Amino acid sequence: MSSGTDTGAERPAGQPPSAQYVAEIGRNAHALVEELYPFCRSLTGDGVRQTLRALQKVIPLEMREVPTGTRAYDWTVPNEWHIEDAYVLDGAGRRIVDFRASNLHVVGNSSPIDARVSREELLKHLHTDPAHPDWIPYRHTYYRESWGFCAAHKIVASLTEPEYRVRIDSRLEPGNLTYGEFFVPGREDGEILISTHTCHPSLCNDNLSGISVGALIARDFANTRPRYGMRFLFVPATLGPLVWMSRNENVLPSIRAGFVLAGVGDRGKPTYTRSRRGNSLIDRATIHVIQHTNAASTIRDFAPNGYDQRQYCSPGFDLPIGCLMRTPNGDYPEYHFSADNPRLVAPEGLGDSWRIVRQAIDIVQDDRRYLNLLPKGEPRLGARGLFADAERLGLLWTLNFSDGTRTLLDIAERSGMPFWLLHEGARRLVETGLLRELNEEAA
Amino acid sequence: MSSGTDTGAERPAGQPPSAQYVAEIGRNAHALVEELYPFCRSLTGDGVRQTLRALQKVIPLEMREVPTGTRAYDWTVPNEWHIEDAYVLDGAGRRIVDFRASNLHVVGNSSPIDARVSREELLKHLHTDPAHPDWIPYRHTYYRESWGFCAAHKIVASLTEPEYRVRIDSRLEPGNLTYGEFFVPGREDGEILISTHTCHPSLCNDNLSGISVGALIARDFANTRPRYGMRFLFVPATLGPLVWMSRNENVLPSIRAGFVLAGVGDRGKPTYTRSRRGNSLIDRATIHVIQHTNAASTIRDFAPNGYDQRQYCSPGFDLPIGCLMRTPNGDYPEYHFSADNPRLVAPEGLGDSWRIVRQAIDIVQDDRRYLNLLPKGEPRLGARGLFADAERLGLLWTLNFSDGTRTLLDIAERSGMPFWLLHEGARRLVETGLLRELNEEAA
Amino acid sequence: MSSGTDTGAERPAGQPPSAQYVAEIGRNAHALVEELYPFCRSLTGDGVRQTLRALQKVIPLEMREVPTGTRAYDWTVPNEWHIEDAYVLDGAGRRIVDFRASNLHVVGNSSPIDARVSREELLKHLHTDPAHPDWIPYRHTYYRESWGFCAAHKIVASLTEPEYRVRIDSRLEPGNLTYGEFFVPGREDGEILISTHTCHPSLCNDNLSGISVGALIARDFANTRPRYGMRFLFVPATLGPLVWMSRNENVLPSIRAGFVLAGVGDRGKPTYTRSRRGNSLIDRATIHVIQHTNAASTIRDFAPNGYDQRQYCSPGFDLPIGCLMRTPNGDYPEYHFSADNPRLVAPEGLGDSWRIVRQAIDIVQDDRRYLNLLPKGEPRLGARGLFADAERLGLLWTLNFSDGTRTLLDIAERSGMPFWLLHEGARRLVETGLLRELNEEAA
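Each protein sequence line maps, in turn, to chains A, B and C.
In terms of the working numbering, the first sequence opens at residue 163 and continues consecutively.
In terms of the working numbering, the second sequence opens at residue 163 and continues consecutively.
In terms of the working numbering, the third sequence opens at residue 163 and continues consecutively.
Heads up, some of the hints might be wrong.
Where chains are identical, the list cannot tell them apart; a pair therefore holds if satisfied intra-copy or between any two copies.
Claimed, not checked - The list that follows gives simulated cross-link-like pairs (lysine to any residue, SDA-like), each with its CA atoms no further than 25 Å apart: (1) 286 x 331; (2) 431 x 184; (3) 538 x 283; (4) 538 x 590; (5) 286 x 246; (6) 316 x 440.
Because the hints were derived from the structure by calculation, they are not lab data.
Quantities reported herein were computed from a predicted structural model and do not represent experimental measurements.
Build out the structure end to end from the sequences listed, making use of the hints.
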């Protein structure tokens with residue numbers, strides 16, 4: 163992919179990116195999806211490493227290796243999976259199911275096998291879906307030793323021979339679980355966590371969309387010194403967050419907000435799932451952005467299912483982390499099928515998701531309390547050159563409610579005005595001496 | 163009635179009774195209504211004693227006698243009413259209004275009279291309703307000495323003679339107010355109160371439906387040792403609750419929940435009136451049951467009218483007691499007419515009311531806080547054999563929100579899942595060591 | 163105007179005024195609007211003094227003079243404006259724009275000028291509105307020295323001469339800002355503030371409607387000794403409230419409730435804007451009155467625009483003051499045009515606004531906590547002659563919820579019954595010894 167995109171340095175701090183810039187980001191993100199598509203990712207193994215190495219061309223990602231057998235709460239890092247090849251041969255020696263054609267053809271984490279099996283035995287290990295006869299399903303067997311193949315259902319009718327040769331050239335051996343981490347330190351205490359999973363093979367919306375949007379958000383913050391630190395995690399689902407948290411418990415109290423990104427590239431409207439806390443800053447910021455900028459959207463309450471927010475929001479952590487998707491997993495037919503390919507995800511979907519995340523982060527970064535320094539009556543705005551009609555009402559809202567108890571987001575929510583408009587107005591009010599920033603401590 | 167109904171001992175604790183069992187209870191309840199129908203109940207007197215003695219065949223009810231003149235707050239127990247006979251004779255000596263044909267024909271608590279009165283004088287003491295010419299109205303004169311008859315309005319046209327003999331063979335003398343009480347002690351502090359009124363003569367929905375449903379709930383708890391004590395009161399309206407409370411003020415702080423049952427046997431949808439507190443445990447439990455199991459229902463806020471919740475919820479007591487009805491009094495034409503007979507109440511209505519009360523009591527009995535013992539991340543359910551798909555989401559909800567601050571009903575309300583499903587899951591989670599019951603004290 | 167209207171002394175305290183009385187008030191208010199219509203009010207000057215002197219015939223208003231140069235927070239009292247005459251002459255010496263025909267023809271606070279100007283120069287200083295060709299717009303130039311005329315747009319076509327004589331015979335000199343104040347002391351601590359602006363010339367809904375309704379409310383309280391003091395302010399917009407507050411900061415903590423009255427005379431439904439606090443007593447009282455007595459209305463949340471509530475509700479004061487209007491300013495085409503004349507305002511609109519304000523004030527004056535002295539069970543109302551059916555439910559509500567934590571307005575809101583009905587019932591319950599008034603201190 164091109165890394166020539168303007169990183170938005172010229173837009174005023176906290177102001178929305180232009181449509182043109184968002185479109186360019188969408189194209190970049192889609193190119194990154196296509197680049198990562200061929201790798202055979204899994205819970206562990208070299209497919210993950212290939213993916214993270216490709217991301218290192220975009221951001222200075224650190225690759226972490228966690229040995230087999232490491233405990234993470236109720237879980238243990240399993241053996242690492244190596245896969246070289248896998249196929250089913252017919253009597254004529256033709257590969258009728260072939261890992262080289264699609265890495266979805268082998269069940270993820272399959273044990274090795276090399277045998278002749280009866281047609282019946284093969285069918286027991288062959289996953290197909292008659293409802294989608296052209297699509298290869300995606301299956302894995304992470305926590306039970308087993309082997310298997312997946313194929314388009316139409317193959318079943320052609321399986322007329324009594325016996326087939328099956329071979330999976332894999333190894334499950336002590337090794338490592340691999341994940342990527344990138345941290346940008348902030349000027350103040352506190353950090354924002356962006357997490358996306360990396361364990362799905364050649365599937366695009368689930369999970370390459372999250373990986374690419376997360377990487378392009380991270381790129382924005384490389385070489386910056388934001389107010390709050392920015393941390394980006396590229397980890398296998400479920401076990402990844404648990405491994406990371408078990409090694410970083412001291413960091414957890416600093417997390418002020420965060421996103422799990424998953425399924426953020428399709429053409430559907432955005433879906434935001436609130437954190438378990440229900441109305442934390444990230445929830446309010448994201449919903450504010452979506453309601454001011456998206457024509458349609460779905461806002462959901464937290465439930466203990468879905469993506470890795472299940473782990474981050476388990477009761478022992480209860481982190482303020484929400485989940486951004488577009489069409490929810492399970493609500494689009496291509497989910498966990500080979501049809502979740504680069505054509506399912508769109509530059510527009512990826513770009514819009516990037517924009518929502520970026521604007522919500524900006525709100526978390528910029529939200530603070532201000533103090534009106536002339537709180538008795540309205541100050542004379544005209545005398546200070548602050549009378550541009552379009553912004554005047556925003557200035558009045560900010561002045562009236564900057565009483566030391568409310569943040570700018572509180573005021574934006576109450577007034578119905580966009581945060582970024584009030585934020586720009588607050589900047590001008592601070593310049594003219596009518597408003598003063600309050601430190602968190604002073605609140 | 164048959165007492166052979168299975169008392170449900172074999173169903174798992176806290177799980178909903180089967181439709182078959184509910185239907186059998188409905189038939190039992192209707193048989194009990196029919197058995198109690200002929201007795202001439204009133205505020206005091208032998209009709210109440212006959213009723214309570216019939217209930218003693220179902221439950222070990224204690225009969226209490228409170229002497230005339232006993233004070234109960236602003237009220238005083240009046241003279242006891244004895245009624246032997248009452249009639250109006252025409253010139254030919256025929257009983258044209260006859261207590262033996264229906265005890266509604268005499269105004270409840272009537273003073274005695276034996277006189278010849280003019281047609282005009284008779285009409286002053288004869289209550290009829292032209293809007294319902296075939297129905298005998300129900301009237302009483304509890305707090306003013308008077309006498310009177312009630313009759314179907316069509317009688318008026320036939321009153322063509324100048325004079326009639328009227329006789330009411332009654333006595334109002336010092337005696338007692340009679341009520342029934344049955345208490346099942348609990349294992350923990352606290353009790354649940356079920357109260358229903360007993361002062362209406364041959365009327366079925368108001369009040370035999372409440373008496374029979376209350377008695378069959380009580381039968382369920384006889385010979386059990388529930389968590390919280392179960393107390394059942396069969397008392398005359400208004401004065402009964404006041405007399406009972408004035409004699410049991412020390413018990414009142416233990417009442418955790420309760421129902422007034424009245425008009426629970428007709429074919430209408432259930433109507434639940436919240437306690438004065440508005441969102442107490444009994445309110446939440448009953449509404450939870452109704453919303454998960456009844457297609458239609460009405461939920462009302464407390465108002466200081468209606469049945470005996472007026473007394474239990476007066477500000478000096480403010481007990482957490484709601485009222486279950488089906489069609490509200492006044493919303494069905496048969497209310498306080500002879501048409502409120504055994505055909506107005508249906509086994510289906512009685513059974514469904516019994517079920518709602520029983521399931522709500524089960525929630526009050528079973529609701530508690532639990533503590534997730536592996537709160538960091540999701541524990542591995544599959545490794546513990548806890549992966550039945552239908553219940554898995556319930557297990558996850560219970561685990562995620564059992565953080566020591568929420569009860570199971572809190573979690574049921576938040577998740578939208580039925581309490582009894584979560585309760586069964588919690589039992590399994592306790593068995594596998596993932597969850598621990600918290601005592602009230604520990605919360 | 164006639165001052166012969168009955169001041170309502172004979173209606174029971176706190177009970178709604180009769181429709182006949184309201185109609186009479188409406189006619190009085192309209193007569194007062196007509197009387198005040200010709201005066202050339204402005205931010206300062208003799209037009210204001212003429213207005214206040216006319217009001218002194220209705221109420222014992224004190225006229226306050228605040229010298230030019232006096233500071234009021236961020237603002238300063240400007241020079242006083244004197245205007246004698248103003249006109250535009252055509253070549254024939256005819257007054258084609260004439261202050262004597264309408265004081266709207268001169269821009270408010272115009273500097274003096276006496277010159278011949280070109281047609282082009284005249285047009286730069288002549289305000290017209292092509293959308294309303296027959297109406298003279300209303301303009302002022304309070305905080306920028308300038309001069310100008312306003313006229314019906316149709317004049318423009320007739321301006322065919324190359325030059326015109328313009329003359330504004332005005333002076334801007336050190337003088338005073340003038341406002342009116344009337345205070346009725348109360349029996350208890352606390353006061354209610356009614357404020358209306360006085361700075362608009364011959365315009366009726368904005369602002370003579372507020373002046374006349376405010377004056378007639380004030381007249382009601384003259385020679386009374388209400389529970390809370392009643393203060394009435396007739397002040398120029400924006401600067402007036404700030405000047406008053408800067409001179410009366412010690413009074414501000416006593417203000418329990420208040421209204422800004424503006425645009426209260428047209429034929430539209432009432433519009434009430436809540437105080438910044440959002441649910442203060444004045445908000446609840448006014449909304450209660452409107453919802454029980456007006457078929458249609460609009461209730462708005464506070465926003466930092468609109469009338470003088472902007473100043474009273476600025477964060478340094480945050481007074482519990484709402485704003486009553488009928489059709490909001492800007493939503494009727496006549497706003498700030500000569501068409502806002504005596505025909506735009508109606509006795510019905512003025513009377514209804516007076517009624518809403520009066521009834522809301524009554525609630526603020528009358529609202530208090532009571533204590534049920536027989537809180538255990540319902541007391542026997544019949545035995546105390548308290549059984550009139552229509553009021554019985556109100557008595558029960560008051561008894562049940564007068565537990566020392568709720569005021570009568572709390573009970574009215576919860577029950578859905580009108581405050582004045584409960585208030586009358588409370589009076590009777592106090593008389594019969596069932597209820598006792600609680601002092602604020604005892605609550």
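List of violated hint numbers, smallest to largest: Going through the list in order, the structure violates hints 3, 6 and respects the others.
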